[in-house]
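Those sequence lines, one after another, are chains A and B. Note that our numbering has the first sequence beginning at 869, numbered continuously upward. Note that our numbering has the second sequence beginning at 754, numbered continuously upward.
Source of the hints: derived by calculation from the structure; they are not laboratory data. Each hint should be verified, as a subset may be incorrect.
With the C-beta cut set under 8 Å, the calculated list includes, among others, these residues of chain A facing chain B [to be verified]:
| # | residue |
| --- | --- |
| 1 | THR943 |
| 2 | ARG947 |
| 3 | SER977 |
| 4 | ASP997 |
In the DSBU-like style, the derived pairs of lysine-lysine whose C-alpha atoms are separated by at most 35 Å in a straight line are [said to hold, decoys possible]:
| # | chain 1 | residue 1 | chain 2 | residue 2 |
| --- | --- | --- | --- | --- |
| 5 | B | LYS943 | B | LYS825 |
| 6 | B | LYS966 | B | LYS1006 |
| 7 | B | LYS966 | A | LYS949 |
| 8 | A | LYS1002 | B | LYS889 |
| 9 | A | LYS965 | B | LYS938 |
| 10 | B | LYS860 | B | LYS1066 |
| 11 | B | LYS1051 | A | LYS965 |
| 12 | A | LYS1002 | B | LYS1051 |
Note that CB positions come from ideal geometry on N, CA and C, so glycine has one too.
Each chain is listed here by its residues.
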Amino acid sequence: MKNPFKKAFLKHKKATKSKSIVLKFFIIFIFSASLFVSCKKENNTIIVDPTDNLALDSIRATKKSIIVWEEIYITAYARGKNLTFNWKANHGSMSGKDSVTVKYWACPSCVGLNTIECKVSNEYGIVSDTIMIKVNP
Amino acid sequence: MKYPVVIFSFLFVLTSFKGIGQCCSAGNPVGGDGSNDGLGKNDLRIFASYKYSLSRDYFHYDDKIDVPNMEKSYFDFNMISVVYGLLPRISLYSDLGYFIDKVQEVKINNEKEIIKSHGLGDLGFNVRYIAMKTVKPVSQLVFSGGIKIPIGAFNEEMDGITIPISLQPSSGAFKYNASVFYSRKYANRKFGWNSLVLFETSNTINKGFLVYKYGNFCQLSFAGSYHVIENLILTGNLKYEWRGHDKRESNIKIESTGSSVFYVNPQLIYNLRHKWAILLMTDIPVYKYVNGYQLTNKFSFQFGLRRSLSFSK
């Protein structure tokens, strides 16, 4: 003789198991869908730091205090594409073909605290910075 | 026979001096046809010239010193000047120059660096007033005042680098000058002499972080001329030039600027037909005292063509 309670218990257990499987599938589906949607969104919109378009982070010199005729190198650390560099000094001479780094020296009439300016430009605009170099006799 | 002797002597003088003198500086070199006289009403004189200058020696006070970094500095310069007699006593003068090149060669850490520029220099404009004029003897006393306008190139670049101020074709500054000129020719018209006193001052360049004022400039000269033959005039000119210290921001005096120089400035003028003339002149610095350490001139020469016209009826 079959136990009616046991039969009902087994039936309930089976139903609960199938519900649990459905729930698991549902959760996995929701998770996958949300992951898919979020990934797709990320591919469409690239968030860029505006300074990456054009930025002049710093100008650094190998030495900031020199004597007459001593040569130093001055480098502009800039970010952006298609950059053009323009250098200007109130006193002293410079040379350099690649423009990112220039050679600086000064003759006797350039003794003093001199200003060197670098202007970096591209299609987004112009940024500039200066560095001071002391030329001693 | 006189001809080749005179020309040979001139060339000898030109090449035999061990000269020192002005170095490369911004703006037009002192030029013109060597004359500062006034013209009669409706008279016109045009002078076109070419000048070459080479600077090589470094000086400390009046001593030549060895600076291995500096190789040489030179320029090739063309100029045109016009004088026009507006009124019987007033003449207008104007000049404009163009640097074919202005070059400095230096050796930095055994690497040769060449910096060069070219372009239009300053525009000069003067009014000359004939204060006194006599016919016998032929003499003139002329007062003159004028301005040099920096219309030329002052932002010349090379490989994206602005060239130093001393190598820019234009001085970048307005300059004002005043002068007194006296000339006298003796009755036989073979001998003559003239004298000039000139003073020039400059305003301050104030462009961004460049603040610069050229030192005041003064020139005294005395010249004697002699008609060797009918068409050939030989002029011996003694010239003294003084230049004060340049100044930078906060009125700081730049020690290695300013000088006192004595020049011998021989000139040959050969008059051609139809009031054309050929001029050959040179600036030979015979003594120079510089403040601090400065590059000085080895020699410079100039030749030009002059045409005189008269529109008087």
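Here is what the structure says about each hint:
no.: 1; hint: THR943; in the structure: violated, 14 Å
no.: 2; hint: ARG947; in the structure: violated, 18 Å
no.: 3; hint: SER977; in the structure: holds, 4 Å
no.: 4; hint: ASP997; in the structure: violated, 12 Å
no.: 5; hint: LYS943(B) <-> LYS825(B); in the structure: violated, 41 Å
no.: 6; hint: LYS966(B) <-> LYS1006(B); in the structure: holds, 10 Å
no.: 7; hint: LYS966(B) <-> LYS949(A); in the structure: violated, 40 Å
no.: 8; hint: LYS1002(A) <-> LYS889(B); in the structure: violated, 63 Å
no.: 9; hint: LYS965(A) <-> LYS938(B); in the structure: violated, 59 Å
no.: 10; hint: LYS860(B) <-> LYS1066(B); in the structure: violated, 61 Å
no.: 11; hint: LYS1051(B) <-> LYS965(A); in the structure: holds, 31 Å
no.: 12; hint: LYS1002(A) <-> LYS1051(B); in the structure: holds, 31 Å
Hint violations for this structure: numbers 1, 2, 4, 5, 7, 8, 9, 10, all remaining hints satisfied.
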